[in-house]
Amino acid sequence: MYMYLPIALSSVNYLLIIGLGLAVGLLSGLFGVGGGFLMTPLLMMAGIPPTIAAATDANQIVAASASGTYAHWKLGNVDFKMGLFLLIGGFLGGAVGVQIIKILRASGGADFLIKMTYVVMLGVVGTFMFFESLHAMRKNKNSGTAKARSVAPAEKKKGFFAMLPLQTYFEKSGVTHSALVPLFLGTFVGILAAIMGVGGGFLMVPVMIYMLRMPMHVVVGTSLFQIMFTCVEVTFLQAYSNHTVDFLLALLLLIGSVFGAQIGTRLSKKLHGEQLKILLAIIVLAVTVKIVLELVMEPSMLLAVQGGH
Amino acid sequence: MLNKTMHETRTTLLLTGLALLSLFFSRPAQALTCRVSPDKVPIGLNYHGATLAVSGENKAGDDMIIRITNDKGEAHYKYIGKAGGLVWMKKGDVSFTNVPGVYLLFSSGDLEHLLGSEERQANQIGYDAMKEAAEMETGSPELQGASPRWKDEFIRFKEKQKLYAIHPGAVTRQHGRDSDTYQLEVAWPYQAGPGTYSVEAMAVRDGKVVEREQTRFTVQQAGVVKQLSGLAFNNASIYGIMAVLIAIFAGFAVGMIFRKGGGGAH
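Just so you know, the sequences run in chain order A and B. Residue numbering for the first sequence follows the numbering used here, beginning at 1 and increasing consecutively. Residue numbering for the second sequence follows the numbering used here, beginning at 1 and increasing consecutively.
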């Protein structure tokens, strides 16, 4: 029942870890998020040191997102063109974000800023998605148009975006944007993701829905495609520079997560777009509440190992 | 005259012989011994700690204290405090020096009854003695002058990790005619990393440590655990590429299996 992890220097119940992978993989396939904002705290609760938990999580997200990307690609739900622009922006933003964190750490108080960024971003995104989805569900119910495979919000009020150069039609998503828009948004999410130390799926998904106005089901597949590449980069860098990737732990997690991602993908076909959004919003808000409670309540231990957030 | 000299020589030889005999018989009936089994603990794939058996002989009637520890060193942490009077955050660094990584203490009775405070201090037995020897270092002004509280916090932290513990009454003794034997079963925590650890047996009589004996055991990685650890630290780029490729392969493979299973059609 137990497996010793050579990098985490810890012994874990492997059924528990596979179960965690399955649960988070399911969310990944369902919502197009990597699940890092859930998995890392869960692994820490299982006794894994924070730095190892974060880096190894990126490794297992590679598997879960590869599995999810494949499933969504076969369903025709991946906009590779949009994903590529977002990816380039994400890499640029990630590099800028790492530099910002270096400056913040040198000046002190980085941990406080990271936590507050978490709370504000998760809180804003979660609240907005929750009320927007609720509103849309009521509207659909009232108008009797409940067959709500999520449809892109009408392309209106594009205003400033429409005036930008390099206007490109993204066939799979059925939207037209300047190529600069996904590049800029990818950079913005990349910066925040690097500061917060997460893949950024829970930020990228709302950006795609509300700012790029992509259909929900294309959003999930495209987000997974982008997350896969981001986490490949993070896994390699963490393994190479910090020796913090525990491959055995990642293996246990990915056994669960790749199956979870497949189940999640199939489940997502059975749920309406608004239902998916409101579920994700509830999870994001629950994580926000947990972080706020951790911030205001006295911890049981006043010492912590060095490293991690 | 000659007779007298011979008599004196005989007497001297006799006395020397008697003295040697008395020296031989005046040795303790049984010197303190200490054994640990196993003396090599392999960390394999299914490792979840180990059970160590510590045993030996001691002079009849003596109480026993067993201390399992490793070399003293430094321990570095972040301390958590309230920022802006509102939220709990990691605020700065704090280090403890002259502290062991592992400190497990077992005895045949209550430590306070077996040894007085000074004797415990002199023999580094118990948390109070350890705290006295430990030093706290921090650059944070708010921690200055509060070292007793933070040393307590350090011990609490180590206890939670199962690396520090005190178990009074855990050592059992069996009384023999001339000597006693003692036994101790130790649940060795998996949290203790690879290294060499010392097992020190101390015999206690009339409130004093009167005898001590020491042995060692090693904990080392073996098999797949050792190979993966070596690869991660010595060939980090290959390890990183392997981790990424296996994850991608596993992801796509499962994706294809599910699709073949018929679940993934449009």
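None of these hints come from the bench; they were simulated from the model. Careful, some of the hints might be misleading.
As the list claims (entries may be wrong) - Restricting the straight-line Cα-Cα distance to at most 25 angstroms, the calculated cross-link-like pairs of lysine-lysine (DSS-like) are:
id: 1; chain 1: A; residue 1: K290; chain 2: B; residue 2: K82
id: 2; chain 1: A; residue 1: K290; chain 2: B; residue 2: K91
id: 3; chain 1: A; residue 1: K290; chain 2: B; residue 2: K78
id: 4; chain 1: B; residue 1: K160; chain 2: A; residue 2: K290
id: 5; chain 1: A; residue 1: K141; chain 2: A; residue 2: K290
As the list claims (entries may be wrong) - Cβ-to-Cβ under 10 angstroms is the rule here; a few derived chain B residues that face chain A:
id: 6; residue: I43
id: 7; residue: V87
id: 8; residue: V94
id: 9; residue: Y127
id: 10; residue: V210
id: 11; residue: Q227
id: 12; residue: S229
id: 13; residue: G230
id: 14; residue: G240
id: 15; residue: I246
id: 16; residue: A250
id: 17; residue: G251
id: 18; residue: F252
id: 19; residue: A253
id: 20; residue: G255
No experiment lies behind these values; they were computed from the predicted model shown. We put the CB at the ideal spot given by N, CA and C, even for glycine.
Taking the hints in turn, this is what the structure says about them:
Simply put, K290 of chain A and K82 of chain B have alpha-carbon atoms about 18 angstroms apart, close enough for the 25 angstroms limit, and the pair holds. Restraint check for K290 of chain A and K91 of chain B: the C-alpha separation of about 20 angstroms stays at or below 25 angstroms, so the hint holds. Proposed proximity of K290 of chain A and K78 of chain B is supported: the alpha carbons are some 22 angstroms apart, at most 25 angstroms. Distance check on the hinted pair: K160 of chain B and K290 of chain A sit about 23 angstroms apart at the alpha-carbon level, within 25 angstroms; holds.
A hinted pair counts as satisfied when its Cα atoms are at most 25 angstroms apart, and K141 of chain A with K290 of chain A does not qualify at roughly 32 angstroms. For I43 of chain B, the suggested interface contact is upheld, since its CB lies about 6 angstroms from the closest CB of chain A, less than 10 angstroms. Interface hint at V87 of chain B: satisfied, since its Cβ lies 4 angstroms from the closest Cβ of chain A, which is below the 10 angstroms cut-off. A distance limit of 10 angstroms between C-beta atoms decides the matter here; for V94 of chain B the minimum to chain A is near 7 angstroms, and the interface restraint holds.
For Y127 of chain B, the suggested interface contact is broken, since its CB lies about 16 angstroms from the closest CB of chain A, more than 10 angstroms. Given hint, V210 of chain B at the interface with chain A, is violated; its Cβ is 38 angstroms from that chain's nearest Cβ, farther than 10 angstroms. Interface restraint check: Q227 of chain B against chain A, minimum CB-CB distance 9 angstroms, threshold 10 angstroms, status holds. A distance limit of 10 angstroms between C-beta atoms decides the matter here; for S229 of chain B the minimum to chain A is near 4 angstroms, and the interface restraint holds.
Given the 10 angstroms rule on beta carbons, the hint for G230 of chain B holds: about 9 angstroms separates it from the nearest Cβ of chain A. Annotation: interface hint on G240 of chain B holds; nearest CB of chain A at approximately 3 angstroms, less than 10 angstroms. The closest approach between the C-beta of I246 of chain B and any C-beta of chain A is roughly 7 angstroms, which is under the 10 angstroms cut-off, so the hint is satisfied. With a least beta-carbon distance of about 5 angstroms to chain A, the hint placing A250 of chain B at the interface is held under the 10 angstroms criterion.
Using the Cβ-Cβ criterion of 10 angstroms, the hint placing G251 of chain B at the interface with chain A is satisfied: the shortest such distance is roughly 3 angstroms. Proximity of F252 of chain B to chain A holds as hinted, the smallest CB-CB distance being about 5 angstroms (cut-off 10 angstroms). A distance limit of 10 angstroms between C-beta atoms decides the matter here; for A253 of chain B the minimum to chain A is near 8 angstroms, and the interface restraint holds. With 10 angstroms as the threshold, the beta carbon of G255 of chain B comes within range of chain A, its nearest partner Cβ sitting at about 3 angstroms, so the hint holds.
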